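Taken in sequence, the protein lines are chains A and B. Count the first sequence with the numbering used here and you get residues 1 to 242, in order. Count the second sequence with the numbering used here and you get residues 1 to 540, in order.
Don't read these hints as lab results, they were simulated from the structure. Since the structure is predicted, the reported quantities are computational estimates derived from the model, not experimental observations. Do not take every clue at face value.
What the hints assert, rightly or not - Derived Cβ-Cβ restraints for the label pairs, each shown as a range:
(1) Ile443/B / Gly176/A: 49 to 55 Å
(2) Glu139/A / Phe285/B: 52 to 58 Å
(3) Trp192/B / Ile138/A: 51 to 57 Å
As the list claims (entries may be wrong) - Simulated coverage check for chain A against chain B, where a stretch passes if three residues somewhere in it have a Cβ under 8 Å from a Cβ of chain B:
(4) 48–54
(5) 88–98
(6) 145–157
(7) 169–182
Just so it is clear, CB atoms sit at the ideal spot from N, CA and C, and this is done for glycine as well.
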Amino acid sequence: MSDAPPRYHPPPVAIHPEGHAPTPHHPWLQHHFDSMEQQAEASTLGMWVFLVTEIMFFGGLFMAYLVYRHQSPMGFQEASHHLNIYWGAANTAILIVSSLTMALAVRAAQTSQPAKVQVRWLLATIFFGLCFLGIKAIEYTDKFRDHIVPGAHFQWEGLYPKPAEQFYSLYFAMTGLHALHMIIGIGIMAVIAFLASRKTFDSDYYTPVEVAGLYWHFVDIVWIYLFPLLYLIGRHYTPGGH
Amino acid sequence: METTAPTAPTLNYLNNGYGLKSWLLTKDHKRIALLYLWSITAFFFLGGFFALMIRIELLTPASDFVQPDTYNKLFTMHGVVMVFFFLIPSIPAVLGNFLVPIMVGAKDLAFPRINLLSWYIYVLGGLFTIVAAVTGGVDTGWTFYAPYSTSASNSHVILAGVGIFITGFSSILTGLNFIVTVHRMRAPGLTWFRLPLFVWAMYATSLIMILGTPVIAITVLLVAVERGLHLGIFDPALGGDPILFQHLFWFYSHPAVYIMILPAMGVVSELVQTFSRKNIFGYSFVAFSSLAIAVIGFLVWGHHLFVSGQSTYAGLMFSLISFFVAIPSAVKVFNWTATLYKGSISWDSPMLYAFGFIGLFTIGGLTGLFLATLGMDIHLHDTYFIIAHFHYVMVGGAIMGYLGGLHYWWPKITGRMYPEGWAKFAALNIFVGFNLTFFPQFIVGYLGMPRRYAMYAPEFQIYNVLSTAGATILGAGYLIPMIYFTWSLKGAAIAGDNPWGARGLEWEIPSPPPTENFPASPIVTENTHQYAPSREVGIV
Numbered sequence: 001m002s003d004a005p006p007r008y009h010p011p012p013v014a015i016h017p018e019g020h021a022p023t024p025h026h027p028w029l030q031h032h033f034d035s036m037e038q039q040a041e042a043s044t045l046g047m048w049v050f051l052v053t054e055i056m057f058f059g060g061l062f063m064a065y066l067v068y069r070h071q072s073p074m075g076f077q078e079a080s081h082h083l084n085i086y087w088g089a090a091n092t093a094i095l096i097v098s099s100l101t102m103a104l105a106v107r108a109a110q111t112s113q114p115a116k117v118q119v120r121w122l123l124a125t126i127f128f129g130l131c132f133l134g135i136k137a138i139e140y141t142d143k144f145r146d147h148i149v150p151g152a153h154f155q156w157e158g159l160y161p162k163p164a165e166q167f168y169s170l171y172f173a174m175t176g177l178h179a180l181h182m183i184i185g186i187g188i189m190a191v192i193a194f195l196a197s198r199k200t201f202d203s204d205y206y207t208p209v210e211v212a213g214l215y216w217h218f219v220d221i222v223w224i225y226l227f228p229l230l231y232l233i234g235r236h237y238t239p240g241g242h
Numbered sequence: 001m002e003t004t005a006p007t008a009p010t011l012n013y014l015n016n017g018y019g020l021k022s023w024l025l026t027k028d029h030k031r032i033a034l035l036y037l038w039s040i041t042a043f044f045f046l047g048g049f050f051a052l053m054i055r056i057e058l059l060t061p062a063s064d065f066v067q068p069d070t071y072n073k074l075f076t077m078h079g080v081v082m083v084f085f086f087l088i089p090s091i092p093a094v095l096g097n098f099l100v101p102i103m104v105g106a107k108d109l110a111f112p113r114i115n116l117l118s119w120y121i122y123v124l125g126g127l128f129t130i131v132a133a134v135t136g137g138v139d140t141g142w143t144f145y146a147p148y149s150t151s152a153s154n155s156h157v158i159l160a161g162v163g164i165f166i167t168g169f170s171s172i173l174t175g176l177n178f179i180v181t182v183h184r185m186r187a188p189g190l191t192w193f194r195l196p197l198f199v200w201a202m203y204a205t206s207l208i209m210i211l212g213t214p215v216i217a218i219t220v221l222l223v224a225v226e227r228g229l230h231l232g233i234f235d236p237a238l239g240g241d242p243i244l245f246q247h248l249f250w251f252y253s254h255p256a257v258y259i260m261i262l263p264a265m266g267v268v269s270e271l272v273q274t275f276s277r278k279n280i281f282g283y284s285f286v287a288f289s290s291l292a293i294a295v296i297g298f299l300v301w302g303h304h305l306f307v308s309g310q311s312t313y314a315g316l317m318f319s320l321i322s323f324f325v326a327i328p329s330a331v332k333v334f335n336w337t338a339t340l341y342k343g344s345i346s347w348d349s350p351m352l353y354a355f356g357f358i359g360l361f362t363i364g365g366l367t368g369l370f371l372a373t374l375g376m377d378i379h380l381h382d383t384y385f386i387i388a389h390f391h392y393v394m395v396g397g398a399i400m401g402y403l404g405g406l407h408y409w410w411p412k413i414t415g416r417m418y419p420e421g422w423a424k425f426a427a428l429n430i431f432v433g434f435n436l437t438f439f440p441q442f443i444v445g446y447l448g449m450p451r452r453y454a455m456y457a458p459e460f461q462i463y464n465v466l467s468t469a470g471a472t473i474l475g476a477g478y479l480i481p482m483i484y485f486t487w488s489l490k491g492a493a494i495a496g497d498n499p500w501g502a503r504g505l506e507w508e509i510p511s512p513p514p515t516e517n518f519p520a521s522p523i524v525t526e527n528t529h530q531y532a533p534s535r536e537v538g539i540v
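Model the full assembly from the supplied sequences, consistent with the hints where possible.
Right under this line is the structure:
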C-alpha cells in the first residue's frame, strides 16, 4: 500500500461531539442499552418477532391439516368422534383461566405489588398449566388403550381407516408440539416466579414477566385454534351418515 | 494527505482477553462474528471437498471414480453443507453480525446472549450433519423429497434432518436479533433513510429468515417423525401427499435463495459507492427493492413444481409472479450501473468482486427467467441448465459478494491490510474459474444432460472436462485468500481507521474497533453515506 497515491478522504459523517448522554443506571439495565425504555421495547419487540416465527412453525402443520381435511372430510369427521369433547372443553377453560392469572401476574409486577402477590399469580399459572398437561396425558393414554395411535398397532372400526390414521397423525403432531410448548412455558414461569420471589420486579422493571406472558398467551391461542379444528368441526354429523 | 503512518488502537476487541473462555463465552457481536467466520470457513471447505469429488467423478462418462450410491451422497452432502451451513449464514452471521450494530451506532446487537446462543445452535446442527456424513451420508439430494426421504432411502436422513432443523433456529435467532436491533437500537438522528443500504439488505434478509425458516423446520421435523414413527404425512403409502412436502419445502427454500443473495446485494451497494466515490443512484429504490424481493420471493415457490402435477392455472400465476422478482432485481443492477456513471472508479480488489457480482448475477438472474417460463421449464427442468443457473446466483452472486465484503471490511475486522496484488490475482482467478466451471453447464443442460447422475452420455464429455478444469482453477482461487488473509494477521501493514476513504459509521471508529464500538452513543446529523455535497448546497 505504501506506493499507492493518497486517497481522497471525505470529511467524517457529522456526529455530535458530545455524544448521547446516558441516563442514570438501573441495576437491571444491560450495558449496550441507553435506557430502560429502550431495553423494554427491544425485549417486547423481540418476543413479538419470535411469536411470528412460532406462527409460521405451527403454520406448516395447520397447512397439512387443511389439505388433508379437504381431501377426506368424511374420514376426518369420523375420526374426530373418538376425541373426548369434555376433556377438550375442560382444557380450553383451564387455559383461558391460566391466561387470566398470567395477565394478573403481569399486572401485579407492573403496579409494584408485593413479591408474594406476583409469585401467587405465577404459581397459579403453573398450576393450571400442569392441569392441562395432566388431562392431555389422560387423553393420550386413552388413545393408546384404544389402539388409535398411528403406526403398526393402529386399529380402526369405522369406514375410513386411512384418513382416520392421518387425522391421528396430525392430532399427535399438533397437540404434541403444543404440549411441548406448554412444558417449556411452565419452565419459564418457574424461573420468573423464582426471580419474582427475590423481589426483582416492580414498575421500573417488569419486562421479563411481560415477555413471558406474551409467550404464554400465544401458546393458549394455539390451543384455541386446535380445539375447534380437532374436536368440534363436524361434531353434529352422525358417524358414517350424511 | 497522510503524513504519519496509521496506528492500531492499543485496546480493541481482539486484545480484550485472550483465553479460550474469552472467546467461547463472549457476548461481543464482533467476536461472535469471528466465531462464525471460522466455522463457516470450515464448512465451506468441507462442501468444496464434496464438490471436488463430484467434479472428478464427472470427468469421464462412466462411473469409475466413485460408485453411483457414493455419488448420490456426495452431491447431497455438497448441497446440504453449502446451502444450510455456508451460504445462508455466510454474510448475515459474519459481516452482518460484525457490522449491523456498528452501522446503526449501537454498542451491540439487542440480544447479545441470544447471538452467542445462535452460534452454539449452529455448531450443534453442524455436528449432527457431520456425524451423518461420517457415518454413511445421506443420498436424498439436499431437497429431501418425499416419499424417497421418508420411507425408501436407507441413509442417515433423520440425523441430517435434525441437523438442518437445529441450524434453522440459529438463523431465526440471527434474523430476530437484526430486526429488533434495526428497529430499536439506531443511534439518535439515524433515521431509516440515513441507514446504509447494507443494513436495509440485512433487514430484508432477516424478514425472510424469521418467516421462512420455521416452515422448513417443521417440514424436516415431519420427515424425521414420519421416518421414525410412521405418521402418514408425506408418504402416499401411509395416506400422505408428497406434493405437500414440495410445497412446504419450497415455501422456505425458494425465499432461502434470497437469504443468500440479498446480503450480497447489500455488500455490493456499499462497494459500488465507496469505490466510485458517489452516493448510490436512487437510494430509496435500492432500499425498497430489497424489501420487494423479500416479499415477492415468498409468492413464487410454485415455480419449482411446474412438472409435479400442479394445476396449470397455479403454474401460470407462479410463472407470472416469478417474472415480477426480476423487477426489483433489475432496479438494483441498473442503479449500481448508474452509480458508476461519471464516478471516480478505483479498481481495488473488493470492487473487482463487485463487478464480478454485477455481471454474473445478471446472467444468473436472466437465466432464472428462462426457467420461470412454463414451456421452457419443461425442457430445462432437472438438467444442468438449472445447476448452472443457481450456481451463477449462489456462487457467482452470493460468494462473490461475501468475498468482496470480506476484503472490504477485513482492515476493519483485523486492523490489517492484505496483499492487494495477490487479492487481485485471486479475484481474477475466481472469476475465470467460475465461468469455466459453470458456463459449459448451461450448454450441456440445454442439450439435455440431467442433474444428479454419476454417468452421462459420452458426447457431453467435453463440457464436463471444461467444467472440471474450471472447478480446479476456482478451487485454487478460493485457497489463495485463505492463505493471504491468515498471513495478513501478522505480516501485513496496519490499516488505520479508514483505509478506503469510505463513508459510514464503521469507518469512523478505530480498526479493529474497541469492544464498546463507540465511546458514547453517536448522534447522527446526516446521511451516513454522503459522498456528494448535500442537496441543499445546490447543483454546482
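To see whether the hints hold, each was checked on the structure:
A hinted range of 49 to 55 Å for the beta carbons of Ile443/B and Gly176/A is consistent with their spacing of about 50 Å. The hint said 52 to 58 Å for the Cβ distance between Glu139/A and Phe285/B, and at roughly 56 Å that hint holds. A C-beta distance of roughly 53 Å is found between Trp192/B and Ile138/A, which places it inside the suggested range of 51 to 57 Å. Counting residues of the segment 48–54 of chain A whose CB falls under 8 Å from any CB of chain B gives 5; the rule of at least 3 is met.
Coverage of the segment 88–98 of chain A by chain B is violated in this model, with 0 residues showing a Cβ closer than 8 Å to a Cβ of that chain against a need of three. Counting residues of the segment 145–157 of chain A whose CB lies closer than 8 Å to any CB of chain B gives 3, which reaches the minimum of 3, so the coverage claim holds. For the segment 169–182 of chain A, the stated coverage by chain B holds: 4 residues have a C-beta nearer than 8 Å to a C-beta of that chain, and at least 3 were required.
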